[in-house]
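Engineer: Put chain B on the given structure of chain A with help from the hints.
So the sequence lines, in the order shown, correspond to chains A and B.
Taking the working numbering, the leading residue of the first sequence gets 11, the next gets one more, and so forth.
Taking the working numbering, the leading residue of the second sequence gets 2, the next gets one more, and so forth.
Since the hints were made in silico from the structure, they are not lab data.
Warning: the hint list may mix true and false statements.
[Said to hold, decoys possible] The list that follows gives simulated cross-link-like pairs (lysine to aspartate or glutamate, DMTMM-like), each with its CA atoms no further than 25 Å apart: (1) Lys53/A - Asp127/B; (2) Lys52/A - Asp17/B; (3) Lys6/B - Glu168/B.
[Stated by the list, open to error] Residues from chain B that keep clear of chain A, each with C-beta distances beyond 10 Å, as calculated: (4) Pro16; (5) Ala43; (6) Asp51; (7) Val227; (8) Ala242.
[Claimed, not checked] Reference listing, derived: stretches of chain A covered by chain B, where coverage requires no fewer than 3 residues with Cβ under 8 Å from a Cβ of chain B: (9) 13 to 21; (10) 28 to 37; (11) 47 to 60.
Ideal Cβ placement from N, Cα and C applies to all residues, glycine included.
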Amino acid sequence: MNPILADIYATVIPSAPFIIAAYAILWLALLVYVIKVVSGLKKTEAQMAVLEEAVRAKEGGVSR
Amino acid sequence: MVEKKVRIPEAGQWPDKLALPALAAGAVLTTVGFLMAFLFAAPVNGAALDTPELVNGVMVTHQQLISQKIFYFHMPVAIVSFVMLIFSAYYGIRFLTTREQRFDTCSRVAMELTLLFVIFTMVTGDLWTRFEWGVWWTWEPRLTTYLILMLIVIAYFVMRNSIDDPERRATYASVISLIAFVDVPICFMITRLIPSSVHPVIAREGGMTPDMAATVLVVMIGMMLVAFGLYRLRFREARLAERLQALKDQLED
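This is chain A alone, in the form it adopts within the complex (with noise of 0.2 Å):
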C-alpha cells in the first residue's frame, strides 16, 4: 500500500473496535430496554384483565 495512503486511514482499523462497540451497546441496550417495556406492559395487561374478573366476580357475589 502507497504509504501516504496508509498514513492517512492509519486510525481507521485500531478505532474500529471502539466505533462497533459504541453502536453495538447504544443498539443492544436500546433494544433490551424496549423488550423489557414491552413485555411489562403486557405482562401487567394480563395480570389486570384477570384481576378485574376477579373483583366482578366478588360483586356479582356479593350482590346476588
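Structural biologist: Chain B only, in chain A's frame:
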C-alpha cells in the same frame, strides 16, 4: 372564586396511539442516520500529513478520523437526556404545586429515561475518549458536570427505593429532579465558560458542515421519537401497575 381545574395526564389517550408509530419512525430514522454517518458524512481531519495526496480527485492534507463517527449518536443521546430531565423537573414542579401523585409518576418515568440516555451518553463518550485520548476518564469540565448529573439521577432512584410513604417520596423526588435540572445549563454552558479540547464548542469553531449537520439532525429527530415512544409505553405500564395495585387493595378490603 372559581378554582382552576388541574389537567392530569392519563394513559390511553391520543399520545399513546402515537407511541408505537413514533418508536418505529425513530428506529427507521436512527438507522438512516447510522448509514448517513458512515456513507454520507465526510470523515473529519486528524493530524496533518507530511505530503498531501490526491485521493479520488480530492487533495487530502490530513489523516482521516473515523472515531469521530461516534459523535453522530453521542451528541443526540446527550441532548435527549437533557430534554427528558427537563420534563422530569417540570412534572416535579407540577407535583409540588398540586400534590397530585400522577405528576410524580410522570416525573419518575421521565427520570428513568433520563438515566437510560445518560448511560448511553457516558458509554459512547467513554469509548471515544478511550481511543482518542488513551484514557477511560479525564476530569474535564463537561465530563465532570455530566458525571455529577448522572450521580444525582442515580441518587434519585436510590432515594425513591428507600422511602415508603408516597407523599414524602414524591416530594423528595421532585426536589431532587429540580436539583438535577439545575445541572443541565451548567453542563451545557461549561465548555463555553471553561474552554476544553475534549468538548469543543462547535458553533464557535465554525459550525458543522452541511453533511454533518444533516446526519446529526436525522439521528436527533429519531432519538427524540424513540424517547417519546418509550415514555408513553412506560407511562402506560406505570399507570396500569397503579390501577392493578388499587384493584388488589379493593379485593383485599
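Engineer: Does each hint hold? Answer for all of them.
Structural biologist: Cross-check of the supplied hints:
no.	hint	verdict
1	Lys53/A - Asp127/B	violated, 36 Å
2	Lys52/A - Asp17/B	holds, 15 Å
3	Lys6/B - Glu168/B	holds, 21 Å
4	Pro16	holds, 15 Å
5	Ala43	holds, 13 Å
6	Asp51	violated, 8 Å
7	Val227	violated, 7 Å
8	Ala242	violated, 6 Å
9	13 to 21	holds (count 7)
10	28 to 37	holds (count 7)
11	47 to 60	holds (count 8)
When each numbered hint is compared with the structure, violations occur for hints 1, 6, 7 and 8.
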